[in-house]
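Asks: Guided by the hints, dock chains B, C and D onto chain A, whose structure is given.
Letter by letter, the chains look like this.
Protein chains: 4
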Amino acid sequence: MPETTIDVLDKGFIALDGALASDLAVVNGARVSFNQESDELSERDEGLIRFLIRERHGSPFEHGYFRFLVKAPLFVVREHHRHRAGHSYNEWSGRYSKMEAEFYVPDNVRTQVGKPGSYAFEPVDDAIREATRQEIEENAARAFETYERLLEQGVAKEVARTVLPLSTYTKYYWSCNPRSLMHFCGLRNHESAQFEIRQYAAAAESFLERLMPITHAAFVGNERRAP
Amino acid sequence: MPETTIDVLDKGFIALDGALASDLAVVNGARVSFNQESDELSERDEGLIRFLIRERHGSPFEHGYFRFLVKAPLFVVREHHRHRAGHSYNEWSGRYSKMEAEFYVPDNVRTQVGKPGSYAFEPVDDAIREATRQEIEENAARAFETYERLLEQGVAKEVARTVLPLSTYTKYYWSCNPRSLMHFCGLRNHESAQFEIRQYAAAAESFLERLMPITHAAFVGNERRAP
Amino acid sequence: MPETTIDVLDKGFIALDGALASDLAVVNGARVSFNQESDELSERDEGLIRFLIRERHGSPFEHGYFRFLVKAPLFVVREHHRHRAGHSYNEWSGRYSKMEAEFYVPDNVRTQVGKPGSYAFEPVDDAIREATRQEIEENAARAFETYERLLEQGVAKEVARTVLPLSTYTKYYWSCNPRSLMHFCGLRNHESAQFEIRQYAAAAESFLERLMPITHAAFVGNERRAP
Amino acid sequence: MPETTIDVLDKGFIALDGALASDLAVVNGARVSFNQESDELSERDEGLIRFLIRERHGSPFEHGYFRFLVKAPLFVVREHHRHRAGHSYNEWSGRYSKMEAEFYVPDNVRTQVGKPGSYAFEPVDDAIREATRQEIEENAARAFETYERLLEQGVAKEVARTVLPLSTYTKYYWSCNPRSLMHFCGLRNHESAQFEIRQYAAAAESFLERLMPITHAAFVGNERRAP
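Chains as they are written, first to last, in our numbering: chain A, 1 to 227; chain B, 1 to 227; chain C, 1 to 227; chain D, 1 to 227.
So that you can see chain A by itself, here it is in the shape it has in the complex:
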């Protein structure tokens, strides 16, 4: 059986918690327009899927379901949760339970070059890379010590958590359909997306590829423009 959990970044993951998704459901969603139905995928059906993606007929791609459990840093989650239509989320709450001392420390420390609209990123040299990693770790450690001191004094978790950095890891369930998943991947598994969320989007996309190979190939062949 293929793995259903993919490690992402230094301490995160994306796990397929459940799915009901197939290329066939797309075809039947489209063929019902003609009062027709397919029992298995034919070559003609594969052409239909490519046609639907290319011509932006998106609704047949909504008849499927993916549920993921994701562990990611807060700054990634902030970008992820901007996706609204066809996306559902439930997240670990710092109001209700104590957060854990897990923080993202990047391997890929980079510098930004270019202008808005056409940024590019290049690796920093080793000395800056190490200094940066140390700064980020120390910042997180200090913040967590502050967090724990506040909790010890009886300060409410919802107040104490405000000291935690955006590198803090959290966890959440994420449900979506094939169409909304493609929209997410089209924007976030893209060179203009931030490196970190792109790793999650690439991992999520690999599950699309496993369960809906024809749809995925058509999506990639359409420059990852979701229908």
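Read the hints as simulated data drawn from the structure, not as lab findings.
Note that the structure is a prediction, hence the values are computed from the model and not measured.
Possibly wrong hints are sitting among the right ones.
Which copy? The list can't say, so a pair holds if one copy fits it or any two copies do.
[What the hints assert, rightly or not] Cut-off 20 Å, straight-line C-alpha distance, at most; resulting in silico cross-link-like pairs (EDC-like, lysine to aspartate or glutamate):
(1) K171 x E135
(2) K98 x E79
(3) K171 x E79
(4) K171 x E55
(5) K115 x E130
Replies: Just chains B, C and D, lined up with the frame of chain A:
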């Protein structure tokens, strides 16, 4: 195995074409707030589901999926497709293929009493009932003859279909999640809903009851007010 | 002052009932990413709008509002109300009040040529055109007579209306934002859309052009592909 | 003219940037069901609005528009942006521009008592309050120094920002309709919501009250349960 197709009205049906839905997924969607997870449903979990419904915490009910194939008259579909958030549809199109000569002829012919906001309906007497059924059938038959004459003269299907009555049966795929299904049932399996859509909503609700019995009981116990 | 009501088809219209929409709001929605704000539209801002459309950055186009009152035949409304995200509707209900004897009778009677995915339409000859118009009118008149007879016998409006054809005119309020309006126009003011809904979409698009000329020009320049 | 900017928390605000919203539009959205229209609000119309709220007929409340500019700490924004249907956002991005050294330091330092589902909060004593405020300020100041050091070394803004705490202020445009605004206020201007977001929700609700006084009164009279 329980039946997955339920006959509705004189010629319609609602069939469960696929589902990935459980009370457990609701519980885990809620418990992730506390960084906790359940492997099987406990009594405490059942209380949690009732709490979530009562307090209108709706998002944990979005981590599931139902896909139906529905055959219904157009005036029912018009009401159904008003439901937007968390609902996906693909329908047989009279632009692309010829419609069939199937029309809804009501058993339940009724008269309307009362005022806007508090309508009630009472059966008509047998003579009016039979006359009404005959009028509706003849109207449909005449309309379909017109439809076929226009098609024979080469008029485009998309033009010819405009003569068909709202009693014409159509078919469509419908995908939703447990929360959006409850919203639909709360409004449409309700005494203020039109009799015909209520039969579809009651049938759809029976699938919710089969797959998510605790959620369904909590929903009914909350006067069918969806969270 | 420019007209706010545009006649569409033989008896329909689309009226701008209210709007708060400007190119400037798009620019500020985008510039807030940089913690910047514009007081009036510069040439650089116009370039930004074109960039946003081209690169499919859609969210800045959601900070505006259009409210329309529309009168259209039911088969048009069925297509229109399939648009969900960012669209709101409230329609005249045949459950609550008597429908009126107004029906669409097409000038543009056409025949369909070609295959699914690449249909084309050509006018029918004059004799068929006149025969078709007469058939459609007679069909509607007979259906309305049936409708009235049923009402006279005390049959509930919600039952009687099922005899009415898809050519019946109805009315509804439609609210949307600039982004969802562009999605509607991109799909429906398009050669693959049915002629009748295309007339409504073209009229709606003319209001976008009036209030947001730069956005509209960028949209058209992007082959009417909404961001 | 009434103020359109309301200060919230120690350094935040919510400003009404534009609105097209009225009780009359709700009434007309509902009355179109009967093919009727009101030119001005009657007493009967006010009763209609109360009926719609009570019976959860939500769609007539979607025919209006509010656009806000908000300045709030990140932990508030994370809660706010979970609201999806009928809500649009564009936010200052730490990827594209440098964040500023503004952080939330609570006056209302509290301790949490009670159990999940029925938490309550009580003020801490003055010594703990002052110590907490100082910890939070120092934590933010240290984090911002780290942030600036990383930027000086050429580290990309999108990497450096990960050290910033959840108390950091950001800014965003927020568009919504009266229905989605009521949903937000019903959940967030509520005793179970976190104190900080509640201040924003109360301020947002005051704009609803100004522009749609009848709707607002009906909403409050319905225990702030949005339709």
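Asks: Does each hint fit the structure? Answer for all of them.
Replies: Status of the hints after comparison with the structure:
{"no.": "1", "hint": "K171 x E135", "result": "neither (24 Å within a copy, 27 Å between copies)"}
{"no.": "2", "hint": "K98 x E79", "result": "between (23 Å within a copy, 17 Å between copies)"}
{"no.": "3", "hint": "K171 x E79", "result": "both (14 Å within a copy, 15 Å between copies)"}
{"no.": "4", "hint": "K171 x E55", "result": "neither (36 Å within a copy, 23 Å between copies)"}
{"no.": "5", "hint": "K115 x E130", "result": "neither (27 Å within a copy, 44 Å between copies)"}
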